[in-house]
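Peer 1: Chains as they are written, first to last, in UniProt numbering: chain A, 1 to 168; chain B, 1 to 168; chain C, 1 to 168; chain D, 1 to 168; chain E, 1 to 168; chain F, 1 to 168.
No lab work stands behind these hints: they were computed from the structure. As the structure is a prediction and not an experimental result, all values here were calculated from the model. Every residue, glycine too, gets a C-beta built ideally from N, C-alpha and C. One thing to keep in mind: the hints can contain errors.
[To be verified] Output of the computed footprint for chain D on chain F, the stretches with three or more beta carbons under 8 Å from beta carbons of chain D: (1) 74-81; (2) 90-104.
[Unchecked claim] A partial selection of chain A residues facing chain B, derived with a Cβ cut-off under 8 Å: (3) A38; (4) G51; (5) R87; (6) A88; (7) M89; (8) P91; (9) T95; (10) A110; (11) M112; (12) T113.
Number of protein chains: 6
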Amino acid sequence: MTRGFYIGRFQPYHNGHQKVLEQIACSSDEIVIGVGSAQESHTITNPFTAGERVLMLTQSLADLDCPFYVIPIEDIQRNALWVAHVRAMTPPFDTVYSSNPLVVQLFTEAGMTVKSIDMYERLTYSGTAIRQRMLDGEPWEHLVPPAVVNVIKEVHGVERLRQIARTD
Amino acid sequence: MTRGFYIGRFQPYHNGHQKVLEQIACSSDEIVIGVGSAQESHTITNPFTAGERVLMLTQSLADLDCPFYVIPIEDIQRNALWVAHVRAMTPPFDTVYSSNPLVVQLFTEAGMTVKSIDMYERLTYSGTAIRQRMLDGEPWEHLVPPAVVNVIKEVHGVERLRQIARTD
Amino acid sequence: MTRGFYIGRFQPYHNGHQKVLEQIACSSDEIVIGVGSAQESHTITNPFTAGERVLMLTQSLADLDCPFYVIPIEDIQRNALWVAHVRAMTPPFDTVYSSNPLVVQLFTEAGMTVKSIDMYERLTYSGTAIRQRMLDGEPWEHLVPPAVVNVIKEVHGVERLRQIARTD
Amino acid sequence: MTRGFYIGRFQPYHNGHQKVLEQIACSSDEIVIGVGSAQESHTITNPFTAGERVLMLTQSLADLDCPFYVIPIEDIQRNALWVAHVRAMTPPFDTVYSSNPLVVQLFTEAGMTVKSIDMYERLTYSGTAIRQRMLDGEPWEHLVPPAVVNVIKEVHGVERLRQIARTD
Amino acid sequence: MTRGFYIGRFQPYHNGHQKVLEQIACSSDEIVIGVGSAQESHTITNPFTAGERVLMLTQSLADLDCPFYVIPIEDIQRNALWVAHVRAMTPPFDTVYSSNPLVVQLFTEAGMTVKSIDMYERLTYSGTAIRQRMLDGEPWEHLVPPAVVNVIKEVHGVERLRQIARTD
Amino acid sequence: MTRGFYIGRFQPYHNGHQKVLEQIACSSDEIVIGVGSAQESHTITNPFTAGERVLMLTQSLADLDCPFYVIPIEDIQRNALWVAHVRAMTPPFDTVYSSNPLVVQLFTEAGMTVKSIDMYERLTYSGTAIRQRMLDGEPWEHLVPPAVVNVIKEVHGVERLRQIARTD
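Only chain A is shown next, with the shape it has when bound in the complex (with noise of 0.2 Å):
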């Protein structure tokens, strides 16, 4: 049994997410996801909230052909203990895949096997660039699985971003 560990803030989830995951599928038998910054929503950079990105991720890897894990991860604000804090919350796994330096390096610092991967187009499929369009109005549904699209519209998330985004 092996086990991959990927982590992102998927603010929102997107194409660029599920390209890697699926990427990743074909070479464990299960995933973890953590889904960093767990705490965070109601922000520009994090509106959307921990439990509202589990379901956009569990949602949209219904078909993943490989059992996977969705796990909130709060920050804990020392980068020592981080490694630590993320194995305490997660199943046992044994490769790290992710293109974060910081990642990379904490994970390297502890001894675990980590493989670097590209994001995906990653000019286009940025949770930045969604985020900017949804503020200007412009059309985001494209970029994201359509799951995404349903779980932002039921919590009226477009409209939580531009009231949150207002300036005072």
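Given the coordinates of chain A, work out where chains B, C, D, E and F should sit on it, guided by the hints.
Peer 2: Showing chains B, C, D, E and F alone in chain A's frame:
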């Protein structure tokens, strides 16, 4: 779509929990399961990490005829904020199933639908009793699902509990 | 201008507290009242929120012949920082009135003037005793100011306490 | 009995706040005033302690024709829990008055009545502008109630702000 | 270069600790000493601040024939992160010396070398017993190094302990 | 017995710090050195752990003609409590040496003696400049004591810093 919520510490997950969840499964479209006191581990009353408990639950419920989410919930030490904390970490749910008086009170005050459930043969199926059996070297494996036996063996859970329980 | 400081948990605010504050009122120009363990609520020893306790105090002291401030003070779990914490949250005060040995010690070590006060008929007027009466269905209303009876009724405080005290 | 809620950082409390509170006073029986970011002090944007700000507010509002509560509210860094946090620390209120987009959004999502209010001549009456005037040695006293001038003088607030703003 | 690690609460530092450290000194090039529960003080079980305990240790070990580091370690309330926390706060060490079952378990699970050591005459040399003697007015000075007697006198430690132990 | 206090982040410890400490050494019997932002590591501005910084300091000061204590000080994010926090973690000191305006202000408000010191050739000896040199591959070793070069090499500090600084 209806979603039920159930929370426990699952130290360890046992047949009593399994019976309750099988029962809830019949009355909801989906179940959200909170793994409470997620930050606790390596103590006599909370020997297992959140990740180990997520593993116990997910593997034991593999054949459950109802989609489910398993979400670690860290304590926040502030009862008045606890419902908001749980809701931020989980997909939206409409009904809470609980036998815990405080959980019932907090969700009721928050205006949510709470259904009281009975623990199944609670003297037999009890985390406290199972941990005591582990300490005393008595059989405990028949009180938990087979997957839980495997997880505990893999993490050397009984040895961990006994070591922690030694006096200085 | 002299300002006195008094702190309690006020679970609930009762006639003993009222007597003490009326006494302090005579010897200061203004009184600062700290509502301790402000973050606690919905437990058997701390059933009421800070806001409910602020309400009990403010309404009960409406006729006090001395301006007063009611300030929630969250615990910080570090005794060596507690005086600095209290002073940051409150208007400046010159005299501390307390019968609590730790409060006396901490303010004394900080070089402040501390006046020891006696609780008023402390066996009769005691938060513990009043909460026990609520649990036992015995009369408790005569032990607290009328405004406190109203606040507790409005928030269904007795029912809350009894529900929390039930065994699982 | 109706109670309105208003929150600000009040760094420092100024005539714009005073105008808004006088306006709210006409439409509620009582007002609950939250002193936000209560844990902050001794920074360029938050020079004053919560206690100093409580003092500014209480003394400036001495003649207000409406009972009021002034409650320090510490940040909790978790937007999804913030409304529950505020409500635990304050007497119950039914209407929120705010011009802050995030405050409006969070209380609206919590199902509360929120009334949008305009800041009063906000370019003139602005904490940022007043602090800059203090740093620049320009007159600021006419922008705040007389009681605020006194509080700031007593705590040597301008000197504190200037010292903090020096470069290392 | 080998470095040993030893941790205690040192409330207060006593001859039993001294014997153990003298023993460890023979088998390591350097010693790292953690002052545990560093955030605790002014309680019956933890009367002394971390700084006071650092002073007791450093002065008592002045003649130790082995360089040492004395590092306050705050509790983090999460056992699964505790080893990472300790290692982040201390110079790298290769061997842990401990008689505490939890410390042994946590470092062992982290893959470190742990050597079990016996407390020296632990019924005689015990923090609990020494604090009780202080409370009871019995002699305790012969149970601690002379430097500890001086530190405790300077901070009026016995008076502090007795005041804290008074009933309300 | 006089004790001086000096605090810095020491990211990394450099010759400018060394000069200042040698100067303070002449005017105190003992020196207490606080390692600030102790909880930070693995960021571009705070690459080194508290333990690594303790090591840099202790080894660089081996020949200092003055006993010293090196104490990690975690940030507490509350300026009004910071002096109490520092004092709880350190042996008692009577004089603070600092060039940091906030440190000066906080200790001054607490009524302590503060002596302003100048950083030594601060454009040359600056943590920011040294970290930038590490990133740019320019020589930095001549700006820090030899012991610091060794510590950074052993923990692969330059590689760590460069990895963290990579863009995602």
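Peer 1: Taking the hints in turn, state whether each one holds.
Peer 2: Each hint tested on the structure:
1. 74-81: holds (count 4)
2. 90-104: holds (count 5)
3. A38: Holds, about 7 Å.
4. G51: 4 Å, holds
5. R87: 7 Å, holds
6. A88: 5 Å, holds
7. M89: 5 Å, holds
8. P91: 4 Å, holds
9. T95: 16 Å, violated
10. A110: Because about 15 Å separates A110(A) from the closest Cβ in chain B, which is outside the 8 Å limit, the hint is violated.
11. M112: 15 Å, violated
12. T113: With Cβ-Cβ at 18 Å, over 8 Å, it is violated.
Of the numbered hints given earlier, the model fails hints 9, 10, 11, 12; all others are met.
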